[in-house]
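Participant: Starting from the known structure of chain A, arrange chains B and C on it as the hints suggest.
Spelled out from the first residue to the last, the chains are:
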Amino acid sequence: MNTKHILRNVVVLLAALALAFLAGQEFYDLQQPDEFYTANPALTRIAKLSEYNPNLKGTAGDTDIYVFDSGVPGGVALVYGGTHANETAAVMSAITYIENVSVSQGKLFVIPQANLSAFSATLPLRAQTGHMTFKLTDGSTRQVRIGTRLANPVHQWPDPNYRLNTSGRMLQHGEIAEIRNLNRNHPGLEEGYLVEMVCYGIRKLVETENVDLLFDGHEASPEFRAVNFLIAHERAMDLGSAAILNANLDAMMEGNMDGYPFKLDRSGATSWGLSHRALGDNTNAMATLFESLNPVMGFCHDKVTEELVKDGISPNYVKITELGLLNSGELTEAGSPIELRAAYHMEMSRHLIGALGELYPEKTLTISGLPTFNDLVTNGFEGILKPLK
Amino acid sequence: MIDVLFILYRVIAGLLALVALVNILRAKSLEKALNHAILFVPLLLRTLLIK
Amino acid sequence: MKKLTRLLALVLALTALTALVSAEAAYTFRTSKENRVVTENGEFTRDMVAEPVLITSIGQSADVSMLDALMKKVGATYTFNATAPADEVAKYKTVIIASGASGKGLGAAGISEEDEIARAEALLKAVEENEITVILAHIGGTNRRGALSDRFSDMVLEQAKYIVVVEEGNDDGKFTDYAAENEIPITLLATIADAMTVLKDLFAPVAQ
Chain A
1 MNTKHILRNV
11 VVLLAALALA
21 FLAGQEFYDL
31 QQPDEFYTAN
41 PALTRIAKLS
51 EYNPNLKGTA
61 GDTDIYVFDS
71 GVPGGVALVY
81 GGTHANETAA
91 VMSAITYIEN
101 VSVSQGKLFV
111 IPQANLSAFS
121 ATLPLRAQTG
131 HMTFKLTDGS
141 TRQVRIGTRL
151 ANPVHQWPDP
161 NYRLNTSGRM
171 LQHGEIAEIR
181 NLNRNHPGLE
191 EGYLVEMVCY
201 GIRKLVETEN
211 VDLLFDGHEA
221 SPEFRAVNFL
231 IAHERAMDLG
241 SAAILNANLD
251 AMMEGNMDGY
261 PFKLDRSGAT
271 SWGLSHRALG
281 DNTNAMATLF
291 ESLNPVMGFC
301 HDKVTEELVK
311 DGISPNYVKI
321 TELGLLNSGE
331 LTEAGSPIEL
341 RAAYHMEMSR
351 HLIGALGELY
361 PEKTLTISGL
371 PTFNDLVTNG
381 FEGILKPLK
Chain B
1 MIDVLFILYR
11 VIAGLLALVA
21 LVNILRAKSL
31 EKALNHAILF
41 VPLLLRTLLI
51 K
Chain C
1 MKKLTRLLAL
11 VLALTALTAL
21 VSAEAAYTFR
31 TSKENRVVTE
41 NGEFTRDMVA
51 EPVLITSIGQ
61 SADVSMLDAL
71 MKKVGATYTF
81 NATAPADEVA
91 KYKTVIIASG
101 ASGKGLGAAG
111 ISEEDEIARA
121 EALLKAVEEN
131 EITVILAHIG
141 GTNRRGALSD
151 RFSDMVLEQA
161 KYIVVVEEGN
171 DDGKFTDYAA
181 ENEIPITLLA
191 TIADAMTVLK
201 DLFAPVAQ
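Protein chains in written order, with the working numbering: chain A, 1 to 389; chain B, 1 to 51; chain C, 1 to 208.
Next comes chain A alone, as it looks inside the complex (with noise of 0.2 Å):
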């Protein structure tokens, strides 16, 4: 091979190098830990998942747990949400709840990044961004992941072919992937791959501190047919029925004729692996499972920006919805703001939380100092979350 030769193929190199290095940096960023304001008063401290399953000890899946710890006998609610990290609405109103939240009678465990390795990526071919910023009133930024709904690669390497879970669930074929995927994976397993260790410290989360509500927040895109539904095991039932009325009552009152699109449904015999079935049917928490309405997430979604993902204005869902081809994922010009889908999971969390006092009094659990509903539509996350210094 002759000098010229070697001449272009070390420049070809070292253009793979630059290439590497300029996307490697905005991968490396998305790996680096969201901050989170810690300054409520109310948290009484900060767990680790790894406190409930120690194999998660120096892993990427070892989330934080907020505690909010009021010393006062009552009942004990599990809010969390980052199951899926691409599922926003779930981890700004697990945010909210950090930064507000007060427990005057019961215990209140709040989980925002549940699958903190999913936070880490994005989804490949899916054009999606990687955060969402916050301009505060004050002039400063928050910033928050968008990451994916499957854990990070890097951090779980490699998917097996055929994986039979302890849910019963098989993963093969077209779930190949789903190994990666909280919500697939629950009651989870001690010693195994990172994700079913982390649905194992869940698991043994609701266990040990006797958790008596589970809520696990998600996000559909338009095209499911059960966007706005709160799914609960059967044991959960009427205290989702009781708590989707006394949320649309409440809203009533407000002056909010229409109350809440809010819908229940049941959780699937045969929905193995998830939150509401395997947690349900494992522990002795009433486990429930909300989904707000994300357009981003839905395979018409229009280009990527932070309009779309902070307003959910989709010109191309609005006309997939006039042209009647939506089930219950409607969408109108005036989309489907992050603030509203928060507010709707906050709604939904607070009453679940409210009703399970109403139908059983000895697990009162009393919140109180979360921004109403209004409140969050109307000032926006940026005039909700608290500056970090």
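Listed next, the in silico DSBU-like pairs over lysine-lysine satisfying Cα-Cα at most 35 Å (straight line):
| hint | chain 1 | residue 1 | chain 2 | residue 2 |
| --- | --- | --- | --- | --- |
| 1 | C | Lys161 | C | Lys104 |
| 2 | A | Lys363 | C | Lys72 |
| 3 | C | Lys200 | C | Lys72 |
| 4 | A | Lys363 | C | Lys200 |
| 5 | B | Lys28 | A | Lys4 |
| 6 | C | Lys104 | C | Lys33 |
| 7 | A | Lys319 | C | Lys33 |
| 8 | C | Lys91 | C | Lys125 |
| 9 | A | Lys319 | C | Lys104 |
| 10 | A | Lys389 | A | Lys57 |
| 11 | C | Lys33 | A | Lys310 |
| 12 | C | Lys200 | C | Lys174 |
| 13 | A | Lys363 | C | Lys73 |
| 14 | A | Lys204 | C | Lys104 |
| 15 | C | Lys104 | A | Lys363 |
| 16 | A | Lys48 | A | Lys389 |
Honestly, the hints are just simulated from the structure, not real lab data.
Remember, it's a predicted structure, so these values are computed and weren't measured experimentally.
Facilitator: Then chains B and C, alone, in the frame of chain A:
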């Protein structure tokens, strides 16, 4: 076993990255060099556990 | 060629005629923000129901749980049994049936579609034989419309003395048309929470 497989796959990715690197340097045409470069970038990032 | 043209013209004419015959007037919503509860075809009042009261489901959708929550909220005295068989239903004077099919609900109850249809048939026969007052509650909106849901609703409609429906689930006039043809009182609700008004009037304890 799961941990062992992870390490094994990382080693394989590293070796393949190395092979791609050598192939870039030994490529007889620009087209071939670019082909190997396209393979090299993701293999390097995966070896380094960046992507 | 002439024959083909004539045939084509005939097909086009038949298509246009079919379209004309089958064209339905679009449904006009009766409820609004200001007018949340609208009753048509006469009133259904408290003296038309008697205790004991049972609430059950045909189709096993989650709506029966919502109905349970509503009845609890108004302080009614009733029994809740989503899968009540015919012989149990026969013991009641008033039965409120939440109609709407749910595959998950049927699966969770361990009931097949065929079994639920059989239960519905037996139950509705029992209400007819025992002159039990049936109230159809369709409160799941458009999510509880579809081939199987409508089949269940149609079965209950035949015995219903009163229909309560969240109007979103009546966007083709199914329930209002049936009620008008059969002179059955029907109450349309803007949202599920508005069912409180109706249930309170019928079942809330009366202050002594």
